[in-house]
Each structure stands twice: as structure tokens, then as C-alpha cells.
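**Student:** Going down the list, the sequences are from chains A and B. Just so we're aligned: the first sequence equals residues 1 to 559 in UniProt numbering. Just so we're aligned: the second sequence equals residues 1 to 559 in UniProt numbering.
No wet-lab data here; the hints were simulated from the structure. Keep in mind that a hint or two might mislead.
Note that identical chains are pooled: a pair holds if it fits in a single copy or bridges any two copies.
[Unchecked claim] Quick list of in silico lysine-lysine cross-link-like pairs, DSBU-like style, CA-CA up to 35 Å:
#  : residue 1 : residue 2
1  : K70       : K511
2  : K443      : K136
3  : K136      : K310
4  : K91       : K329
5  : K429      : K400
6  : K71       : K476
7  : K420      : K313
8  : K313      : K436
9  : K304      : K443
10 : K436      : K416
11 : K125      : K443
12 : K125      : K439
13 : K397      : K416
14 : K88       : K400
15 : K58       : K48
16 : K7        : K338
17 : K443      : K88
18 : K476      : K503
19 : K7        : K503
20 : K41       : K70
21 : K125      : K71
There are 2 protein chains.
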Amino acid sequence: MLTTDWKTLALQAQLIFGKSQSRTLELFPFDSDETLEAFEKLPSAIGKSVTDFGSPAKFPVDKYYETLSKKDVQITEADPVELIQDIKSGKYTCVEVLTSYFHAALIASKVTNCVYEFLPDEALKSARYLDENKDKLVSHCPMFGLPISLKEMIPLTGHSVTHGSLCYLDRVVDYNADIVNILIKNGAVPFVRSTNPQSLMMLECESFTHGRTVNPFNSDLTCGGSSGGEGAINGIHASPIGLGSDIGGSIRCPSAFNGIYGMRTTVGRIPTSDYFSCQMGSESIMSVTGPLTRSLDTLELLMKTVVQEKPWKIDPSLTSIEWRNHARKTPYRIGILKTDGVVTPHPPISRALDIMFEKLQSTDNIEVFEFEPFNHQKAWEIISALYFEDGGDDTRKTLKSTGEPMCPQTEWILGKDSVKRLTVEEIWKWNLEKQKYRKDYLKHWLLFNNTEGNTPMDALIAPVFPGPAAKHRTAKYWGYTAQWNLLDYPVLVFPVTKVDLTKDIPIKDYKPRNEMDEFVYKQYDSPESFENSPISLGIVGLRNSEEQLIDIMKLINRQ
Amino acid sequence: MLTTDWKTLALQAQLIFGKSQSRTLELFPFDSDETLEAFEKLPSAIGKSVTDFGSPAKFPVDKYYETLSKKDVQITEADPVELIQDIKSGKYTCVEVLTSYFHAALIASKVTNCVYEFLPDEALKSARYLDENKDKLVSHCPMFGLPISLKEMIPLTGHSVTHGSLCYLDRVVDYNADIVNILIKNGAVPFVRSTNPQSLMMLECESFTHGRTVNPFNSDLTCGGSSGGEGAINGIHASPIGLGSDIGGSIRCPSAFNGIYGMRTTVGRIPTSDYFSCQMGSESIMSVTGPLTRSLDTLELLMKTVVQEKPWKIDPSLTSIEWRNHARKTPYRIGILKTDGVVTPHPPISRALDIMFEKLQSTDNIEVFEFEPFNHQKAWEIISALYFEDGGDDTRKTLKSTGEPMCPQTEWILGKDSVKRLTVEEIWKWNLEKQKYRKDYLKHWLLFNNTEGNTPMDALIAPVFPGPAAKHRTAKYWGYTAQWNLLDYPVLVFPVTKVDLTKDIPIKDYKPRNEMDEFVYKQYDSPESFENSPISLGIVGLRNSEEQLIDIMKLINRQ
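Chain A on its own, in the form it takes in the complex (with noise of 0.2 Å):
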């Protein structure tokens, strides 16, 4: 190590960020002194330090707006599938691209501090490359020219992996991840590290080698986490597509929060198992890799070519399953889970729910009807056991080593009651306990009304998180994503609507069912606190089932 002083340690993450940041600046300068001039004063949620969390805007979103440039926006709000095209038509070249994106990220950044470090001089090279070979690799790479951001947990040759601990701080690896090797080579440009926080066991974002990511759409709220960096950034459109993991919602609540797709693959599906974490080599629960985007399109296109690698002769992990294209002619059975039975959800996700299911009423090709969940609180006393087999102690361990503090959300986490050392046959015993449910939750699943002799159901439409994005540091009900962990479900989660400040009334006298549904029903005080927040949903399916999901949100959009 470095050192094993945390606050040495602390400025020097923040002088990785500042150094790749300026660079950033001279590589790619913005077009004129004003909106350079504009960058600079904007209300910035980095800090002094990484404890300070700045003094973001209320709602930054509306900051990136008014400073990115008509140019940039041009380029940045086109569906990247169609940008993908531009690029192969000579619209754009593929440095002109990632210009735009550089610029918007480095506005995203200021007003969110949802960039752990900027890759100007790689990404740079990369377009130049591809702009250079241009005729000779375009038929080749679906994803031509387009920028990607990245998770900072996943490997990138010649940079540290901090997984958001200071103490790894100086683990630089000689590797790309294999996924990003994948996408390298198949056009795509990494240009951003985003943010992750401490632990990467948290439902936010926060850590001491970044400080703070807030929520685009409302700085009070959290982006969500872990891969909260990727949620913010894509949810303001500075990135066109970027990775995540997920072992406990980590995809799924950063893109619900910042009103973007987002999918948990199943386990096996794609790339994961060469990133870092705490906990590596514990294999009761796995976590696994998927993209965050704004653009349905763009998340297919990349899970398509990254499956279409047959990724399975890198990674051994992975399973030998084709990307299957569907094309189903009887109609879709969809179920909606209007509450877990533990956690009962906010007014505005109910009020998504009823939109889905009015929806579905009237799409084509889709059945519709309500579906009652089995033993949920089951699910969480399994996996919050399997989590941390060895109690936490590696976390605490990679905290104590440079005296790092804990957040109060890794704090949280490993404080509960569920989390402590296992012996070998506890595993095991939990090991059965998760085989068992995963059994039975197949069987209730695919009987649910099926008493007419109904093909099963299909899919499930399903809160994400109880309510819209999570005041800062009170993310705790991991319930509605964790579960589809423990089955090892895939979930796309998708933007259903926003904050309505009429419609979204709290409501009174509810009698909470438990401890957790209380402190979630108390968070909830008025449609104010949670103003502008995006309200997603998520849909459902049975293990490596990517394709079908993806096909029944084309459907829902369609409509």
C-alpha cells in the first residue's frame, strides 16, 4: 500500500480524478470561453475534499442543460443506436463523438460527482484508430464509435481497481476486463470511470475515494448504488451506455432511480467473474455484469454482441447459451406484483403499477393479471446470511488497514443481525435453504393462475425499490431486488413515469406491517420531498430469459 494513512490516501484519489479531469480539458476543450466559463461556476456537488459533498444544484439536470452546448446536445441526445449509424454514414466521426460525450460528462460530473475518473488519453486514441481504420473495421463493430462508461470496479489495464476502499488505491491492473475487451473490439470506446461506493454493498453512493454521487434529477435524493456513478450519468444522458454489477439491486436501483433501463443478467449469461470486490471467491451468491441506458435499442444491441462473442470460450463461467431471437406469436402472460407482502410500496410506484396494468390491458399480444408473491421475507433472510459469510470481517478488514471510516450505510449493513461468521455446515445449511426456495418459488411461479389449462406465466412486473429515489443515506429495503438475486432471475428495469406532486398524496394511518415497513411507509412525508424523481418498474423472467424481456418491453413501448 501507498500508505496506510486514509487522508493521504483520500487526496490522492481525488488527484487521480482533478489530473484525468484537466486532461480531459486540454484534450478536449469545450467549444467556446462561455461554456468553459459556465462549467466553471456551476453549483458543484464534488467537494473540497472527498467529505465535503459539495452544494449541488436542486436539480442539476436543468444545470447540464443550460451549459452543454446545441452542438454537443445534437450529438448526445440522438439514440445511440442511431448515433451508431451517423458514425458508419460519415455524419460524425468517431472523435467528433466522443467529444460531445466528453463534454457532457465533464458537466454530469461537476453537477452529480458521478465520475470517479475521465480516460481522455486512451479514449482519444481509441476514436482516432477506429476513424483511421474506418473502412476496414465497420462492418465488423456493432458498436462503432461509441462511447461506454464503466463502473470503477471493473478492471481497466493500467488503473487502479478501489471497488470505493482507499487501501486498494494502488492496485493498478494489467488487465481489461473481459467484457471490455469485448466491447473494445467490437467498436465501443470506455471513455468514463464512474463512481461506486464504499463496500459496493450499499444502495447508494457514497465513499471516501469519491465523496458523493447525487441524483440528476434531484440532489436531495440518492443515484442509487452501487453502481450509482453509471445511473447518474446515463440518467442525464452523458453517457450513451455504460456497465454495472449487481448482487443485491446494484444495476436495478440506480437505473430505476435515474429513470433508465437497466437489466440484472442471469448468472453466467455475460462476462463478471474477473472484476474485484470484497468477498471474492465466496460463490453462494454471485454477482453479475449488465448495461445501464437511457435506450432500449442500445441495451439489446449490447448484450446481442456481447453474447454473439461467445463469451464462453474466455470466461468458463459463462454458459454456452445463444442469443435467441424471439419472435412469439401466443400471446405473452404478464403478472404485476403490487407489493412483496413485507414492504408495502409508495403511492407513486403503486400508482406505476396501475399504469403498467392499464397498459397491458390494451397491448397486443400481452394477458395481464395480478400476481401474489411467495414467502419474499424468506428471500432476504437467506441471502442477507449468504452475503457475508464471513460476517463482514473482509470489508471491516480492507476499512481498518488505512484507518478509513465506515459510511453509515456499510455500517448499517453489516450491523445486522443477520450478518455473521458462518461455519462450513451453516453454509451448507443455507445453501439448502436457497435451493429449496429457488424450487418452490419455480413451482409457484409457473402453477400461478394456471388452473384453465393458461400456458405460465411469462413475466412479472415488479417494483424495483419501494419508492422513488431514497433520501440520502435511508436506501435500506433491499427486498424488491434481492429476491430476484436469491432466484438468480434476469430483470429489465424500465422508466414507467415521475414524482406527480397532485396525484402522489402519502398515505394515512397505515399500519405497517413490520419494523422495515415502517421506517420505508416514514420516509415517504410528502410528494415534495422526492419532486422531479423518476418512478420505474421492473419486468421479471426465469433464468436466462434476456431476450424475451427485452422483447416484451418492445412490445410495452410500442403501445
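Add chain B to chain A, keeping to what the hints say.
**Tutor:** Just chain B now, with coordinates in the frame of chain A:
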């Protein structure tokens, strides 16, 4: 538990067997008194008690054919796939076929002690049901009327599952394993439960629930294990096909030692998760189900039948990979592994490898070359640490509860240095080593002999065990099978030849590389010790390539 005295339980286990044998003789009497008399006079591998190993004939298979009636031979020696056609066409009824197989199993059981329990009542009921409902069922049942044997550890309603340990003799289960239900649905008739050894972690077949199962081709040799009863009963042709399980060689050793086909499937391809064993809930190394049979076509039929039932809709641990028909046009590239670099194979195995090398050189659509192994010693180091994460305590406790003595082979495996209780961090460490080794090996496999722009190696022909069927209590080197469990690669075992008394002369003055190599070397004292033993090899493929292995095998067999 019924009692804590293992001797009382051992008597009860014998009683279960004895009753089921009497009932079989009652429901399926031999065709003549002569046959019955001959049966009663057979040299028996079933002792007076479970610690008595009887007095089997030197070559049990000869006694078997001397005893079995012509009519029974006609049925039991037919290729099972053709037999199904004969039932479908009306040449035989299901009950007739079952009757002959029961006669064969009664004799096989006597001469080798391969049957744990006969299933006369259930099987008769099933066969009658199929006969009575033939018109309705026959077109939906690809395995219509085919008897099937099941390793004792596979749950079957109304029967106890001991997996070789007496303390579980009263664990009567109330369900069939999923795969059993699938096979029954498709017309198969479970008729026999076959023997398995104490603790299942043994490449032989000794337990205090049944005694010792001997090799039908030479009773001085083991039938292999842990699916030992399956190996013997299928090797002698008294079952058309059976199911075993494999975590370190338990399908492949019995297949090799008995000269039949046997397949270690990829984890997640066909149902296994509802079986019983010790160390349940341990997920670092997973056991898999697979077929053992003398008929490649029947093996393919079973695999295809199970996968086409989409078993992932019953068992969520399975992967939704359909059965893929192979119609490969470019040549298969096949490596030959002459030694794993740890233990040198015995002369008959080396001869079998040479036979195959020569044969493949003249096989259409196949290219053959020698393959260099990649650090197989390391694989054993990793897998042997992960087999018993509890240091073997569960197995020890299982025995201790009834005072059941430890079989020498159980004692040997539990006494190895690598077997010790692991902490959470040690489990993680070994899992990481496993992940790294898997990735390195895949890279080695795909790059091997690939310098001139060749396509990668498709499959590898390798020893399954360093020698022919081992002498009792000497099958101690697991390296040639456990290697592929660690990598989770499927392996199809196939018969090549038999020990040749003139050709298979021991190597003189061999200098062993290590202690295990020396032990193994010394076992092969003369070809006479292994007279009549089958010699088999295995063909290994990358994960989920079961169809391809079968396709290659068909090509080879056609030669």
C-alpha cells in the same frame, strides 16, 4: 433412527434385499425349475452377512450366461433401442421384457452383488399400465417399456436412501427424483436399485448396507464406484441402462471397469439436485447425474429424452440449453492425452490410446494429434481441498451415530492431508484457485496445437483410470477423472479392448515420478492379475458439449 446399533441395521438392510429378491422370484419366476436350481447353486458374491464378501466365481460373467435362459438372452441381449421398437411393434409386451430383465438381474446380483434392492411390485405395476394403455401412450413415450436401474442414492418414493451408510436406513422418502419422474413419464420402468459404497467417495463399491460388488469380468477386481452396482449390472447386460452420479469419477470408473458407455454430464444439464449424500449444501464442487449403458444409442436416447422435457422448468439449478443436433461438416480436431504428467498409465491403457490414435488417423472427418496436459497435479490439489469443506466430519458423524466401521477406502480418502476443515476464507481461496485454473485450462485447450490457423481442439481422448479395473481396495488415483469434475467438462467413457495376456507386459525399471505414481505402478504386477478386464477410455469436451461427444463417438464406431 431405528436403532443405533449398526449390526442390527446391517441385518435389516440384508432383509430389505432378501425380501425384494424373494418377491421378485415370486412375481417373475424363472421359466424352468432347472434355471431356478442353477440360480440357487451359483457361486455367490453375496455373503452371509454384509461383512462377508461371499465366494464369487473368478469370472462371474461366464456363470451369468450359463444360467440365463435362451428366451431371456434374446431379450436382454437385444440393443435396447431396438428392443423398444420391438415392444412398440408388438413383438414383446412390456411385462415380457421386464420379466427377462428381472431374471437377468437376479442372476447378475447373485454373481456380482450389484443389486441393493429389486423393485418387483412397482415395476410390474408400471409395465402392466404401459401394456394396458399402449395405444394412448406409445407415441409420447420414447422409452416405452424399457427397464431402468437406479443407483441407490437416487430418491424413489417409499424407499429409504442410505447412500451406503446404515444410519439412513429409515430415511424413507416420499418423492421420486425429478429425473426418475421424467423417465417414467417417457415410458421407462425402474426395476432395480443398484449398490453404492459407504460415503460415496470411493472408486470401488463396498459398504455395510450390501457388502462388496465385484467386477463381472474378474471378481478379483473391483466394479468401480461409487455407481458400482450400475457398472456391474450394465456391464454384464442385466440392465439396459442405468443412472449413476459423479463428483470425482463415480460414473466413469464403473463404466470403464465394466466396458460400457457412461457419461459425466455438465453441471446443470440434467437433474441431480434432489439426491441425497453427505456434505449436502456444499456447492464448491457439484455432483452430476449421468447414464451408464452398453448401448451408445440408448445413452443418446436417454439424454435427449431428459433434455427435451425442459427439466429447467422443474429444477431451477438447470440451464435451459436444448438438445442440439450436430451435423458438423468440418473435421473434428481431437487430442490424445497419453499421460497426465502425474501418474503414468499401465500398459493396457497406453495400448488402448495407441489403438485409438491409429483408428482416428483413418477415420473420416477427424484430425488427431497428441495433447499436452496443463498442470493436472494442481487440479487435484484444488478439488481434494474442496470435496470435504468440513474436513469429513459429516461423513464421520454419519458412521459414528451407529458405530458403523469405516471402510478402508473411506478411511484412506478422509485421511489425506488435503482433507481438513476449512474456514470461510479458505473456501474462498480455493474457489478463486478453482476459477483461475478453469480459465487457464480453457485458454490452454483452445490455443493448443492452434498455431497454423487451425480451429481449436474439439475433444480429447484420455485415460479414465491409470489401469484396467483395479484390484479390490487399490483404486486410489482419482486424477484422470476428478480433473474433469474440477473443470466441469463432460466426459463420455467408451470401451476399447480387453487386457491382453501377451501384449500388456509390465514396464520394467520404471522410475516413478512421485509416491502415488509408484503405488499405481506397483499394482500392475502382471497381465494375469487383470485377466479379462475391460479397457476403456474417455472422450472429453468443453462444457455442455454432450451432443458433440456422442456425435464423435458415432463417427468412431462407424469406422
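**Student:** None of the hints should be skipped; say for each whether it holds.
**Tutor:** Hint check results:
Taking the shortest Cα distances, K70 and K511 never come within 35 Å of each other, neither inside one copy (51 Å) nor across copies (79 Å). Only between protomers do K443 and K136 lie at most 35 Å apart by alpha-carbon distance; the minimum there is 28 Å, versus 51 Å within a single protomer. Taking identical chains as interchangeable, the C-alpha atoms of K136 and K310 lie at most 35 Å apart only when both belong to the same chain, with a minimum of 22 Å there against 43 Å between chains. Proximity of K91 and K329 under a CA criterion of 35 Å is satisfied in neither setting, with 38 Å inside one chain copy and 43 Å between copies.
In the homo-oligomer, the alpha carbons of K429 and K400 lie at most 35 Å apart both inside one protomer (31 Å) and across protomers (21 Å), since each shortest distance falls under that limit. Proximity of K71 and K476 under a CA criterion of 35 Å is satisfied in neither setting, with 41 Å inside one chain copy and 73 Å between copies. Proximity of K420 to K313 under the C-alpha cut-off of 35 Å is restricted to the inter-copy arrangement: shortest distance 34 Å between copies versus 37 Å within a copy. For the homomeric pair K313 and K436, the shortest alpha-carbon distances inside one copy (32 Å) and between copies (14 Å) are both at most 35 Å.
Within a single copy, K304 and K443 get their C-alpha atoms as close as 30 Å, and across copies as close as 23 Å, so both meet the 35 Å cut-off. In this assembly of identical chains, K436 and K416 lie within 35 Å of each other by CA distance both inside one copy and across copies; the values are 24 Å within and 33 Å between. In the homo-oligomer, the alpha carbons of K125 and K443 lie at most 35 Å apart only across protomers (29 Å), although the nearest pairing inside one protomer, at 52 Å, exceeds that limit. In this assembly of identical chains, the alpha carbons of K125 and K439 lie at most 35 Å apart only when taken from different copies (30 Å versus 50 Å within one copy).
Taking the closest pair of Cα atoms, K397 and K416 come within 35 Å of each other both inside a single copy (18 Å) and across two copies (33 Å). In the homo-oligomer, the alpha carbons of K88 and K400 never lie at most 35 Å apart, since the shortest distance is 51 Å inside one protomer and 72 Å across protomers. For a Cα distance limit of 35 Å, the shortest separation of K58 from K48 inside one copy, 19 Å, qualifies, whereas the shortest one across copies, 87 Å, does not. When the C-alpha separation of K7 and K338 is checked against a cutoff of 35 Å, the pair qualifies neither within a copy, at 46 Å, nor between copies, at 58 Å.
With identical chains, the CA atoms of K443 and K88 are at most 35 Å apart between copies only, with a shortest distance of 34 Å across copies and 48 Å within one. Taking the shortest Cα distances, K476 and K503 sit within 35 Å of each other inside one copy (25 Å), while across copies they are farther apart (73 Å). For the homomeric pair K7 and K503, neither the shortest alpha-carbon distance inside one copy (46 Å) nor that between copies (75 Å) is at most 35 Å. Only within a single protomer do K41 and K70 lie at most 35 Å apart by alpha-carbon distance; the minimum there is 19 Å, versus 98 Å between protomers.
Taking the shortest Cα distances, K125 and K71 sit within 35 Å of each other inside one copy (22 Å), while across copies they are farther apart (79 Å).
Violated hints, listed in ascending order, are 1, 4, 6, 14, 16, 19; each of the other numbered hints is respected by the structure.
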